[in-house]
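Visitor: These two chains come separately, so use the hints to put the complex back together.
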Amino acid sequence: MALLEIRGLAAEVEGKPILRGVDLALPEGEVHAIMGPNGSGKSTLAHVLAGREGYQVTAGSVLFDGQDLLAMEPEARAACGLFLAFQYPVELPGVGNANFLRTALNAVRRARGEPEIDAMKFLKEARAALKRLSMSEEMLKRNVNVGFSGGEKKRNEIFQMALLRPRLAILDETDSGLDIDALKIVSDGVNALRGQAFSALVITHYQRLLEHIVPDQVHVLAEGRIVRSGGPELALSLEESGYAGLAAEAAA
Amino acid sequence: MSAALRETGENFSARYRGLASRLPGPPELRRRAAAWFDRHGLPDTRDESWRFTNLRPLAGLIFSRTEDRDGAAPGLLARLPPTEAPLLVLANGRMRPDLSRLDLSRLPSGTTSVASFAADPSFGNLSDSETNPLSALNTMLAEDGARISVAPGSDAGTLVLPHLASGNAEHPPAFHPRHQVRLGAGARLTLIEIALGTSIYLHNPLTEIVLAEGAELLHLRLQDESAAAFHLASLHVTLGPKSRYESVVLVRGARVARSELHAAIEGEGARLGLHAAQMLGGEQLADITTIVRHLAPGASSRQSIRNVLTGRAHGVFQGRIAVDRIAQKTDGYQMNKALLLSEEAQINSKPELEIFADDVKCSHGATVGALDPDQLFYLQSRGVPKEAAQAMLVGAFLGEMLEAIPHEWGRSLFEGAMQSWWKDRPV
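Residue numbers (our numbering), protein chains in the order written: chain Y, 1003 to 1254; chain W, 2 to 428.
The following block holds chain W by itself, in its conformation from the complex (with noise of 0.2 Å):
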């Protein structure tokens, strides 16, 4: 590991123990966590689950606590479009009640509750705090963060969760907000996560999510981080019996984003499925990781990636299903698309199975291709011109990922964004 990056890690490490006393919630785990991070620090490319994503750009930043309340943050929700659905509000990691619109009264009594860590601080039941460099950070060092639970058996509607985020160059700031979401038995919600800022800071968000016997999550997650902003996320999701988390994801990156996905499936019959789509441009550098077990017969999982890059952008897919020996009858897939703009842009595609049940259906895939030349002369003979017609190539290429978001304002709200992307897109 360089120097420099060494220095970026150990001063998150020196934050944790000037903080330390003052931080929420028990102490023994983010000691460990610490003195774990303390040893290892931010994960290098010798590290083999961050081959192809250097973190190289962080390298002698230093990052400071932060309790900005600059006001950049109600111009960056003023970017949404406008929505009916109850808004949970955070800024720069913090709950902003001030700025959210979150009025109970609507749902049906008793239903939802939201509470913030900082008030209630629970780690839940994470363990990988001593293994993931991610995790460990986010332990050590979180201060606030969304707690949404859903009573059994009620239909929770939807939830938006702004995560805005105010940078500043000189002085950047970092946060590491811990959320969790629970639904009870055979419960329902819509939540929208939308990660939207500006300048240079970094946003390292840990969420656990917990679903119970039969209940349904929609995910859907439009990360849109400044673009010289640092995007570290990872979600663990529980799957119990007959249990459902459907997510669609469009990332439009950071400076160097990773979102990583670790899902327990548990429960007999359960469905996991996933829909993402990076889009990058310019020297941006994303990844998306996925660390899918099944741990327990007949569910099935199955994760449709897709990447559009330009520039000199570079776009990293990591998916390893694991099938445990219990697990039969599993139905897992995994496939990840790249479609190259430019002749600088590159693709890491990295699939694992790692199956010990005997009776399975497990498949991966990956592709990599320039829009195709044919197409374009097709659209441009019948009078579209380049640009219209490789927008439409480009929208082709993501159309089943919009197609499978059963929710009208966060469809319009995703095609809204891939629109615009590529419109202002990073060359």
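Only chain Y is shown next, with the shape it has when bound in the complex (with noise of 0.2 Å):
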């Protein structure tokens, strides 16, 4: 079975359908790529799998890992190992980045029924991941993501996923706004998870962000409905022929 399946998802925000009937099935260590147009619902579907509130589930059924995963609280999702890396990621004054991290890795990890880490060993796998992503440390000690531009915030996702070790990770949209360099840094983080272990869907625009992160399939979202599926060279093509005449196909 794979790890994430989805089935005839459906959903609306304040009464208004967006997504129509999502078929997608994510087998464990794939990356796939869900691309589609401004409004297709790629990332009300994110925030779905992430457990937002403010989203009506309408039909439809989410499995993770064999789990109802839309049954679940969203911390419960992150303890079975959901990420998701946000769009725009939130700001929280006067909560520090590592007191931050730290309650976050602790709480995954006592939902795991692994013993919680001290702030010394903590400290030392923050550095040492920092390190890899090429990273400040300075970051540790900024409050989360107050004052951070576009791309810090953006990294500070992936450093957080670094640390969490999800075993699927949702990236909505995580290359806009970023530079070339940002988008290496934010794409090599990923890279480095990928294995058996790891799963990724990787929610983008532009095919720029899978020249660096290879997807095993792409998906393409429009209207609420995955239109097509398909190896990597959809996503070239897509860049090619663009999203018009997707929409036909998905009112078809």
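Derived from the structure by calculation, the hints contain no laboratory data.
Where a beta carbon is used, it is the ideal one built from N, C-alpha and C, also for glycine.
Do not take every clue at face value.
Unchecked claim - Straight line, CA to CA, 25 Å or less: simulated SDA-like cross-link-like pairs of lysine to any residue:
| no. | chain 1 | residue 1 | chain 2 | residue 2 |
| --- | --- | --- | --- | --- |
| 1 | W | Lys387 | Y | Ala1078 |
| 2 | W | Lys387 | Y | Arg1114 |
| 3 | Y | Lys1133 | Y | Leu1165 |
| 4 | W | Lys243 | W | Ile149 |
| 5 | W | Lys243 | W | Glu355 |
| 6 | W | Lys387 | Y | Gly1056 |
Said to hold, decoys possible - If you want the footprint, here are the derived chain Y segments under chain W, 3+ residues with CB under 8 Å:
| no. | stretch |
| --- | --- |
| 7 | 1048-1054 |
| 8 | 1066-1078 |
| 9 | 1081-1090 |
| 10 | 1095-1106 |
| 11 | 1109-1117 |
What the hints assert, rightly or not - If you want the footprint, here are the derived chain W segments under chain Y, 3+ residues with CB under 8 Å:
| no. | stretch |
| --- | --- |
| 12 | 31-38 |
| 13 | 377-384 |
Guide: In structure tokens form, the structure reads like this:
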């Protein structure tokens, strides 16, 4: 069975249907890309999977490792190994990044029945992860995302992902607003985790990110449905032909 | 005013009449305060400065004089985290040398003196016993209190003052301690006051603080009265030239609590700082009222108030900054922020600036809001359970106040009180 099984998923926001029957299977160890025009439901799919309030699931099911994902609180999903890299990471004034990360790490470890990690050991791991990602240790001393540039926020997401070591990462337009250097850092961070125990859904509007994170499969989302799936070459052909014409396919 | 509230007030007047000849100190001031209180009684919401703070829960309660020595005090005292600092303990408004640990020999000799109001009564320099109901009530009925003075130029270290209260639902006690703190020129002191109690009582302390030139007082106040009690406190601070009054206050509330700060900045270049937080739940009502008068040039006052309210709790902040004509180059700042954790919690915020000098910098502001759902979701998506995520965000809201405490024991005392409030919060 696939790690993530989405079947006939329909969801609406404030009574407006956004997802209209999404089917998708992500096998363990694979990285799939979800592409699509603005308004196609990419971010809604990411938020529904992570459990954000304000989205009503009206039909369908989502199994994560055989469990009913939609029945779980967001924190339980994280404890099972789901991680959402936010398109717009949230600022937490007054919450230090180190404290935040250690709290998150220990919450996930506790939920998995692993012992908590002490401050010293945490710092050691955090510094090692920062070094791998070419980020400054200064990051640990600052308040979570407060005063961070757009690129720093995205890198902070990848840093969190590196520490939390999820089984499934959903990257929600992590490439938007990144310059080429930051894009490289983010991609390297994802690629470093690739392996049998790590799967990812990479949501993006552009093909650019997929040159760095080469997906096993590409799915095209349009008007709330997956309208086409294929290998990495699908992303390239989309780059040439654009998303025009997909709407017609979606309606068909 | 309701007849029942009037009855509660009249009961205080009757107590004064019964005790008058036996009360310590000069009788004239008491007589005048009592005459004023007789005419005005307890304040009601028609009084502009009590508009938001309704004393109705007091109505019909008849308070008795207390010499309570029922033994609850040692148990309350044991709730405090251990400290090496000298302890000056009061129980139901009376000095308790038997519970105190006041080894003045540990301090540089002759630097600090501690006396009691009962043994050496003096009403200080206050003049509002015929205008302010809390002062009138205290002046009329004060029987004891702490008098602390620090000699010029000396550093008296830390002094901890627990105010313990043993209440009683059938015959609730009322006590009106009168405290004075005087710091000579260049003297320094960290004063940590902690009000703790059980059951129903009325605690009506009045504290007068006088800081001479260059004196520095760090004043930490933790108000953690019984949730059924009444706390009506007033604090009068006079700041001399270049003196510094830094105060951090945590109000965990009572049934009804009001804390008035009256500051007279009389000396050039003096600095006043107030960080206060009210954490309330259930049916609690708590009020912080400040009146800061800038009477000399080049002084600053900074007030930062935070409210965390849940259940049907009601928080009030009234802050007046008055800048006299001669107080040029005044720097005044006041901010009141409230975090409402329930639908029914409410906050009233009333800033007032009265500025008669032309070259000043004064600002005030207020914010009200709930916890940010985006922030909560962000934390939850990282595995932090909702309850812990809320606690983290409340902690962040109050973090600036904890950071403002340059005293390790005091900071851990406050941090512990915040955490236990969160754990046991009445919803």
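Visitor: To test your reading of the hints: which numbers does this structure violate?
Guide: 12
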